[in-house]
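Peer 1: Chain by chain, the residues:
Number of protein chains: 2
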Amino acid sequence: MSTTQTINLKNRPKGKPELTDFDFTNSAIPELKDGEVLLKTKYVSVDPYLRGRMSDAPSYIPPFVLNEPVSSGVIAEVLASKDANFSEGDFVSGMLKWKETQVAKTNGLIKVDSNKAPLSAYLGILGMTGLTAYLGLTEIGRPKKGETLLVSGAAGAVGSIVGQIGKILGLHVVGIAGTDEKVEMLKSEFGFDEGINYKTTKDMSEAIEKACPHGVDVYFDNVGGEISDAVLFNINKFSRTINCGAISVYNDTTPPKSISVQPFLVKNSSSMQGFIIGDFADKHQEGIKQLAEWLQEGKLKYTETIQEGFENIPQAFLDLFEGKNKGKMVVKL
Amino acid sequence: MSTTQTINLKNRPKGKPELTDFDFTNSAIPELKDGEVLLKTKYVSVDPYLRGRMSDAPSYIPPFVLNEPVSSGVIAEVLASKDANFSEGDFVSGMLKWKETQVAKTNGLIKVDSNKAPLSAYLGILGMTGLTAYLGLTEIGRPKKGETLLVSGAAGAVGSIVGQIGKILGLHVVGIAGTDEKVEMLKSEFGFDEGINYKTTKDMSEAIEKACPHGVDVYFDNVGGEISDAVLFNINKFSRTINCGAISVYNDTTPPKSISVQPFLVKNSSSMQGFIIGDFADKHQEGIKQLAEWLQEGKLKYTETIQEGFENIPQAFLDLFEGKNKGKMVVKL
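Sequences listed follow chains D and L, in order. Mapped onto full-length UniProt numbering, the consecutive letters of the first sequence carry residue numbers 1 to 333. Mapped onto full-length UniProt numbering, the consecutive letters of the second sequence carry residue numbers 1 to 333.
Since the hints were derived computationally from the structure, they do not count as laboratory data. You may find that some hints are simply not true.
Any copy will do: because identical chains look the same in the list, a pair fits if it lies in one copy or spans two.
Straight-line Cα separation of at most 30 Å, DSSO-like style, residue types lysine-lysine; simulated pairs [as the list claims (entries may be wrong)]: (1) K283 x K14; (2) K202 x K116; (3) K187 x K326; (4) K237 x K105.
Only a predicted model underlies this, so the values are computations on that prediction, with no experimental measurement involved.
Based on the provided sequences and hints, a complete structural model is requested.
Peer 2: Below, the structure is given as structure tokens:
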């Protein structure tokens, strides 16, 4: 029986995750049974939401088990198959373990076409990332042409897609990011109307007011924390906030404090709504179709930060919290 | 030309309003013109939201003008009329000035029937208060039979109606109030399943967990602040918070801080939504009809705190922030 390298969760991170929270082991590759495929990992997705699964606080996604493999979105090649629908050489996408080689049940796997788009795109713009941007913005944000869309974490995987979809839908789009280079990229690469570097801006509320002269109708929030505090002072009557993530506070060990949102929501008849992509499972197919269409028409661009090497997966995950990625962060094996 | 006593806003309150922020003057009663009525004030509604109109911070309700009369919901008797639809002796409801006698345009006035319900009810359960409870709960809360409804400010005008409607709709209803007497009243008078006295409870999160063993699906929030912080730890997946008010922080002079809601909303796919009753103008008639029906069937009770005397209107308003009212606070002239 052959073995494969595996990355396990060794400790539940306290605050910011560290390399020592992960552990490399060798584990056996079991025999292939009916309805299974043997897979070789090609690309691994690292995402901020994985931080949540590393805690054992009660949640609706079960936490990772200690000393068991971490899992995330993975693109893999079929090396051997005991399912007539999958053949050697096929590429598949699925929630898979951080292993170089693994046996997986075929239900839950989706075949992806490397001729239609680069394989890594199926972890990003044509995968969970793209759907999160598209369905969060359209289903919760319900933007109307001419409205103002503000995006935090705008240079990130989801944020950069949100902004582009905003432009396709005819919105005034403003992005917040953490370096001048990223802000420049928002405008030159992704067509945002305005960008704000929150690290060099003293008065964020004022900067938002300037960039959003008609106020904020839709706020796509990837970060929470102080940036979102500043947005409150600029929301319009009936504004909708899409709570996609709160990366700025995910590593806090006690519940972080922010400006109370309640008076702002009451005064402006405004809403905030959190979601995970699974909430809209019935819209995934339609969403991927729309995203693929826009991608083909050249209306959507995407940026990836590709790290190389199985051994670098934990570091790539850690880098997310330092903002080292532009767009979707993936690890290529 | 005769004159009438008038209450003006003298100062914009800093923090908690004080009696000295108001000012009694005599003002002239103008001649009656076509489309106007001469009104004698019978009941004046005092409400927490008026605090917002006393500030000049940007808002979608225009602020009160300094040295001009304050206005709120008022029930008045027609003394003279230059509109064929209104006769001497009719009672009307409308947004009117804090004056003993006044001339008002008839558009915006609604005739009310003192035979169907006591006059003061039209400021409460059959007025803005009842509509706020009914439309907030049904339109934003969208409760389903068997779910758990938590109400803060539960012994207040809106909260006590919300809880009763919750019971009519088949919910497990828990109320939070500030005295043992109020908590007892929630259960014995209004049929709440459980009540929590937040002033004597050390660990609110734990108390909510105990009173809501299946978690909180709908949170009707009248108060904001620390009580709402504690609720966050108990919300269910897909929970809906109705942000009706934030009385606990209305008098704060700097933006108050609370536990960041974003991570809780993301983790639970939960929403928060503020509103004012004007947002649902197209549902007001239907709402009043439903409330009157339930009232007639004996399914809804209401409590009023009635203060007496025109000169006591400012003090009655101040008493709201001390929780001195049970149910709707009105002043009878």
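Peer 1: Could you run down the list of hints and mark each one as holding or not?
Peer 2: Results for each hint:
no.	hint	in the structure
1	K283 x K14	neither (36 Å within a copy, 50 Å between copies)
2	K202 x K116	neither (45 Å within a copy, 60 Å between copies)
3	K187 x K326	within (14 Å within a copy, 56 Å between copies)
4	K237 x K105	between (49 Å within a copy, 29 Å between copies)
The structure fails to meet hints 1, 2 from the earlier list, while all remaining hints are met.
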